[in-house]
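> Each protein sequence line maps, in turn, to chains A, U, X and H.
To convert, count from 1 in the first sequence and add 86; that's the numbering used here.
To convert, count from 1 in the second sequence and add 86; that's the numbering used here.
To convert, count from 1 in the third sequence and add 86; that's the numbering used here.
To convert, count from 1 in the fourth sequence and add 86; that's the numbering used here.
Worth flagging that the hints you see were computed from the coordinates, not collected in a lab.
Heads up, some of the hints might be wrong.
Note that the list lumps identical chains together, so a pair holds whenever it fits in one copy or between two copies.
Below, a list of computed lysine to aspartate or glutamate pairs in the EDC-like style, where the Cα atoms sit at most 16 Å apart [to be verified]:
| # | residue 1 | residue 2 |
| --- | --- | --- |
| 1 | Lys98 | Glu172 |
| 2 | Lys191 | Asp157 |
| 3 | Lys187 | Asp157 |
| 4 | Lys184 | Asp103 |
| 5 | Lys184 | Asp150 |
| 6 | Lys98 | Glu141 |
| 7 | Lys184 | Glu158 |
| 8 | Lys187 | Asp109 |
| 9 | Lys98 | Asp205 |
| 10 | Lys184 | Glu195 |
| 11 | Lys187 | Glu158 |
| 12 | Lys184 | Glu129 |
| 13 | Lys187 | Asp103 |
| 14 | Lys184 | Asp157 |
| 15 | Lys191 | Asp89 |
| 16 | Lys98 | Glu132 |
Single-letter residue listing:
Number of protein chains: 4
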Amino acid sequence: MSDSTTTIADLKQFMADFVARRDWRRFHAPKNLSMSLAIEAAELMEHFQWISPEESRRVSDNPDRLAAVGDELADVLCYALAMTNELGLDLSTAIRRKIAKNELKYPVEEYRGRYGPEDVRD
Amino acid sequence: MSDSTTTIADLKQFMADFVARRDWRRFHAPKNLSMSLAIEAAELMEHFQWISPEESRRVSDNPDRLAAVGDELADVLCYALAMTNELGLDLSTAIRRKIAKNELKYPVEEYRGRYGPEDVRD
Amino acid sequence: MSDSTTTIADLKQFMADFVARRDWRRFHAPKNLSMSLAIEAAELMEHFQWISPEESRRVSDNPDRLAAVGDELADVLCYALAMTNELGLDLSTAIRRKIAKNELKYPVEEYRGRYGPEDVRD
Amino acid sequence: MSDSTTTIADLKQFMADFVARRDWRRFHAPKNLSMSLAIEAAELMEHFQWISPEESRRVSDNPDRLAAVGDELADVLCYALAMTNELGLDLSTAIRRKIAKNELKYPVEEYRGRYGPEDVRD
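Here chain A stands alone, though its shape is the one from the complex (with noise of 0.2 Å):
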């Protein structure tokens, strides 16, 4: 199994399993997972928190620093999931039009290269 052939339905149907397992659905407020989605998007940070943006591109060089990270990356995700299911959304549908609304925000004549009205590098 691997991206290509995981659903996201797939994915969202693992982590309810997870959580029906141990009647975790009781603290699974919305308010509460927004928290908990924070809060592991803070550990991933914790990651980058003292090194360069460049030295960050490498860390994929280094299997065991990949490992933690997507670790960290995964309970960003599996916390996303939860909240998919809590809120009944289709996730798919959810971010086709996010981006469809981010390309007519950035159009790409006017922001290629450049990531907003105050970067005039080029």
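Dock chains U, X and H against the given chain A, drawing on the hints supplied.
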């Protein structure tokens, strides 16, 4: 297209194309993306900041609020996908591996209905 | 020494000395410090992640938990002081200026007992 | 009034008055305030998200950007003060105690110029 027919690889490609068209990989050092992910996680929290956990469970009853929350969750996912792309990770493998670890860390018998050792409600 | 006799300048100096002895200003780019601050804020949230707002009000009844929460809040403050030092800001001026802005943004008549326009409880 | 003449107690009182006039203590459960603090920390990060650590050191050269960053830092502090008020903490004591712990955790000889064991630059 929905969660049951969309693979992780589909979403990764969708995001990679969005980024490539804008030549934004230059900004997508994992360090920067970890900040972006945490920033979007905070924007998601904003929707739940002042309401109770119980009220947060009813957000999905309101289509407008649900759409707004879905947009923020999609932003979190987009940056998670961008980081996955930069790191060259297989996300479904990382998630399965992390959930397997959590199965061992939180045995069902010990954690059913409890979030941790300090939770003495049963 | 207590809050009534300690000035902001005292704490800024206290933190500056701690940093200088370790030659850590090399790491204290505001970008990095903003990540550190967010990471410590997340560690503070961990204490409240799964409990209700009401339960969180009773944390101060338990001296051990209060001390643990106080430690996390202190970490947040330390990084805020470090950033203040790096930026050369007068923190008390910044706080007074921001509260003055908020006085205008949240007029008492309109916001008494309400956190925002969507809060219709009274 | 400046950092050298303003005590922590002054700022705590300043914030307590702002909150009391709006009857906002009803919202200020520590759980909620921990979310607010993390949200403001994320807004502070937004200013540094796409720039390099070196560029972030030059933010203080630009008065407009410095003022904007100062506003976000002030927001972080305001919620930290509000939480201090709710918890009944003496903040200067908590900070001194935490820095004393960190003095032991990060001995000067071992950590001078290094942020951690994995930092092998000297």
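> Now, for every hint given, state plainly whether the structure supports it.
Structure-based check of each hint:
1. When the C-alpha separation of Lys98 and Glu172 is checked against a cutoff of 16 Å, the pair qualifies only within one copy, where the shortest distance is 10 Å, while the shortest distance between copies is 24 Å.
2. In the homo-oligomer, the alpha carbons of Lys191 and Asp157 lie at most 16 Å apart only across protomers (14 Å), although the nearest pairing inside one protomer, at 32 Å, exceeds that limit.
3. Only between protomers do Lys187 and Asp157 lie at most 16 Å apart by alpha-carbon distance; the minimum there is 10 Å, versus 30 Å within a single protomer.
4. For a Cα distance limit of 16 Å, the shortest separation of Lys184 from Asp103 across copies, 14 Å, qualifies, whereas the shortest one inside one copy, 28 Å, does not.
5. Within a single copy, Lys184 and Asp150 get their C-alpha atoms only as close as 34 Å, which misses the 16 Å cut-off; across copies the closest is 14 Å, which meets it.
6. In this homomeric assembly, Lys98 and Glu141 never come within 16 Å of each other (Cα to Cα): the closest approach is 33 Å inside a single copy and 23 Å across copies.
7. For a Cα distance limit of 16 Å, the shortest separation of Lys184 from Glu158 across copies, 9 Å, qualifies, whereas the shortest one inside one copy, 24 Å, does not.
8. Within a single copy, Lys187 and Asp109 get their C-alpha atoms no closer than 37 Å, and across copies no closer than 18 Å, so neither meets the 16 Å cut-off.
9. In this assembly of identical chains, Lys98 and Asp205 lie within 16 Å of each other by CA distance neither inside one copy nor across copies; the values are 38 Å within and 26 Å between.
10. In the homo-oligomer, the alpha carbons of Lys184 and Glu195 never lie at most 16 Å apart, since the shortest distance is 19 Å inside one protomer and 37 Å across protomers.
11. Taking the shortest Cα distances, Lys187 and Glu158 sit within 16 Å of each other only across copies (12 Å), while inside one copy they are farther apart (28 Å).
12. For a Cα distance limit of 16 Å, the shortest separation of Lys184 from Glu129 across copies, 14 Å, qualifies, whereas the shortest one inside one copy, 25 Å, does not.
13. For a Cα distance limit of 16 Å, the shortest separation of Lys187 from Asp103 across copies, 15 Å, qualifies, whereas the shortest one inside one copy, 33 Å, does not.
14. Proximity of Lys184 and Asp157 under a CA criterion of 16 Å is satisfied inter-copy only: 6 Å between copies versus 26 Å inside one chain copy.
15. For the homomeric pair Lys191 and Asp89, neither the shortest alpha-carbon distance inside one copy (29 Å) nor that between copies (25 Å) is at most 16 Å.
16. Neither within a single protomer nor between protomers do Lys98 and Glu132 lie at most 16 Å apart by alpha-carbon distance, with minima of 27 Å and 24 Å respectively.
The earlier numbered hints that this structure contradicts are 6, 8, 9, 10, 15, 16.
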